[in-house]
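For chain U, the structure is supplied; the task is to place chain P on it using the hints.
Protein chains in written order, with the working numbering: chain U, 4 to 323; chain P, 4 to 323.
In case anyone wonders, no lab produced these hints; they're calculated from the structure. This one's a predicted model, so the numbers in the text were calculated from it and none came from an experiment. Certain hints may be false.
If several chains are the same, the list does not tell them apart, and a pair holds so long as it fits within one copy or across any two.
[Claimed, not checked] List of simulated lysine-lysine pairs, DSS-like, C-alpha gap at most 25 Å: (1) Lys205 / Lys252; (2) Lys205 / Lys273; (3) Lys198 / Lys241; (4) Lys155 / Lys281; (5) Lys198 / Lys281; (6) Lys146 / Lys205; (7) Lys205 / Lys293; (8) Lys198 / Lys293; (9) Lys167 / Lys153; (10) Lys226 / Lys131; (11) Lys252 / Lys70; (12) Lys153 / Lys317; (13) Lys263 / Lys131; (14) Lys37 / Lys252; (15) Lys241 / Lys252.
Protein chains: 2
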Amino acid sequence: MQRIIECVPNFSEGRDLSKIERIVAPFKNQENFKMISYEPDADYNRTVVTLIGEVEAIMEALIPFVKNCIEEIDMNHQSGEHPRIGAVDVIPFIPIQNVTIEDCVNFANTMGEKIAALFDIPVFLYAKAARTEDRISLPNIRKGEYEGMKEKIKEVAWHPDFGKPATHPTFGSVAVGARDFLVAFNIDLATDNEKTASTLAKTIRQSSGGFQHIQAGPAFLEKQGHMQVTMNILDYAKNPIYRILEVIKFEALRYHVAVKSSEIIGLVPKQALLDSVKYYLQVQQIPYDKSMDLETLTAYAIKYLQFRDFNKTKIVEYWI
Amino acid sequence: MQRIIECVPNFSEGRDLSKIERIVAPFKNQENFKMISYEPDADYNRTVVTLIGEVEAIMEALIPFVKNCIEEIDMNHQSGEHPRIGAVDVIPFIPIQNVTIEDCVNFANTMGEKIAALFDIPVFLYAKAARTEDRISLPNIRKGEYEGMKEKIKEVAWHPDFGKPATHPTFGSVAVGARDFLVAFNIDLATDNEKTASTLAKTIRQSSGGFQHIQAGPAFLEKQGHMQVTMNILDYAKNPIYRILEVIKFEALRYHVAVKSSEIIGLVPKQALLDSVKYYLQVQQIPYDKSMDLETLTAYAIKYLQFRDFNKTKIVEYWI
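Chain U extracted, bound-state conformation (with noise of 0.2 Å):
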């Protein structure tokens, strides 16, 4: 049997649209891969494109995404509202089937010390595959972001695990690394007051005392004009889409703002879906049918999660 991952490599071009379809050619058309999605988001700046398929082949079409990155990007005259340490930002493998987290954490050190080799750009372990706990965490990686990263890199606990410990001068550096399956959730309040959103977020997030499994801030949508709870659930068996939605619902009501709406970002998995649906369903007494297939998983979803921009293309069974 094959041997799946998904891979969620970040760049940080969202704006030029051009660029960012020269920069993810080599997903194109693959045959034992495929890129799900590449989503430009202008006001981050940024672009999150979802590869799930074989590992070796992905492995292969990261090496040219990479080099494609160093020609479009500038880092020097980049800026946007994520924060970020290079013109990649991270790379991270996550396993699906036939592959254990042990088994991500050798691919992110095989390909941190390929893309050190070949392109001379230095390469932070983070996640699973940190080699200190200081890596663990991604936003301590990225404390300082691009610009601060020049003088970071020169300190010996921020030598890089692979490459100098130099910026590429207009790349920056990259972060590669192995972990979990993560739900990237987005909850939208009928408010633009950033501090309403930033307080909203603390309640959750495990860094301010909510949950152990949640990271989470304030984000504010341009286009759409209002503000996000923006979060990573990092278990969602721990810590439930519809127990984090309901909490921000009881939350909000305290300012008098409502959730509009909420997205996914990416992909998310299906049990995830039900877990959430089956609250519910039971509290609305609707029989629960774990089998159900992706389109009524969909429709429950969009009804109960307040899901917008969602089809079944999202959840990841539809892939493999």
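The following block gives chain P in isolation, referenced to the frame of chain U:
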């Protein structure tokens, strides 16, 4: 202004009431602090004393109290359900007013040094006063209990923070520490189903992925015939009472179980109630006045937090 602390010494006699009266005599009829309660538990064979007041006065009274415990309790003939390492098991100092947690660490050091010097009793500093990682947790210090400590204390890793590495022949040893105020809060469920209460406890407690500062589990109330989610809130600023209550309420909906009422065990700081009452007043757009009197606050807490058996004498500030 006066420096006010809470101090909650626990001693290992919960059955012989005349002994207990003699032991707590130094806490009675004091000018500068009050003994709010002393609650003997026969099953535990242990008594929990709650003192509130001026720090110097409490420190002074603790010395004759420890002396009484040496005279009245022989640990070689003591047994009960509650784990313990000595005739006085723990002495925690808790900041209330004009006192920081760092001050309380100092009080623990002063008291620990005195007890060791005066009575030749080995002292372990715990919680915020701990000098090593493995002494933060009281259960960790208590492992092996009075009986096991005779050998354990000889290991270099378990040499006491004050005193010689040998237990007192009849008293044993004692843990002295500093911690923040802890709110003991229970939520009454309209069900006798243990599994439901246990599942609900897991949604909120830190050890199962829930909120950072919550310890929780299920408990059956024999007399009332229903289950509780029983919990300690270790940081009521970061995990306010109302938030925990609201999570349990919406989680219980899926089991079609109502929250009947709730209760505070021991005392609760005024600020903890203000924080939670404020939420409901904001939701209902009722003006919030942080200088409301204790009667008003009590009425709101009963109304919104569903407290039973509650009155203003359960608020810390009533006593100071």
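Hints and how they fare:
1. Lys205 / Lys252: both (14 Å within a copy, 21 Å between copies)
2. Lys205 / Lys273: between (28 Å within a copy, 23 Å between copies)
3. Lys198 / Lys241: Classified as between: cross-chain Cα gap 17 Å, same-chain 28 Å, threshold 25 Å.
4. Lys155 / Lys281: The answer is neither: 47 Å in one copy and 44 Å across copies each exceed 25 Å.
5. Lys198 / Lys281: Between copies only: 18 Å across chains, 33 Å inside a chain, cut-off 25 Å.
6. Lys146 / Lys205: Result: close within a single copy only, 19 Å intra versus 34 Å inter.
7. Lys205 / Lys293: between (33 Å within a copy, 22 Å between copies)
8. Lys198 / Lys293: between (39 Å within a copy, 21 Å between copies)
9. Lys167 / Lys153: within (12 Å within a copy, 53 Å between copies)
10. Lys226 / Lys131: For Lys226 and Lys131, the Cα distance exceeds 25 Å both inside one copy (35 Å) and across copies (48 Å).
11. Lys252 / Lys70: neither (44 Å within a copy, 53 Å between copies)
12. Lys153 / Lys317: neither (37 Å within a copy, 56 Å between copies)
13. Lys263 / Lys131: Classified as neither: same-chain Cα gap 35 Å, cross-chain 43 Å, threshold 25 Å.
14. Lys37 / Lys252: neither (36 Å within a copy, 43 Å between copies)
15. Lys241 / Lys252: For Lys241 and Lys252, both the intra-copy (19 Å) and inter-copy (18 Å) Cα distances are at most 25 Å.
Of the hints listed earlier, those the structure fails to meet are numbers 4, 10, 11, 12, 13, 14, in rising order.
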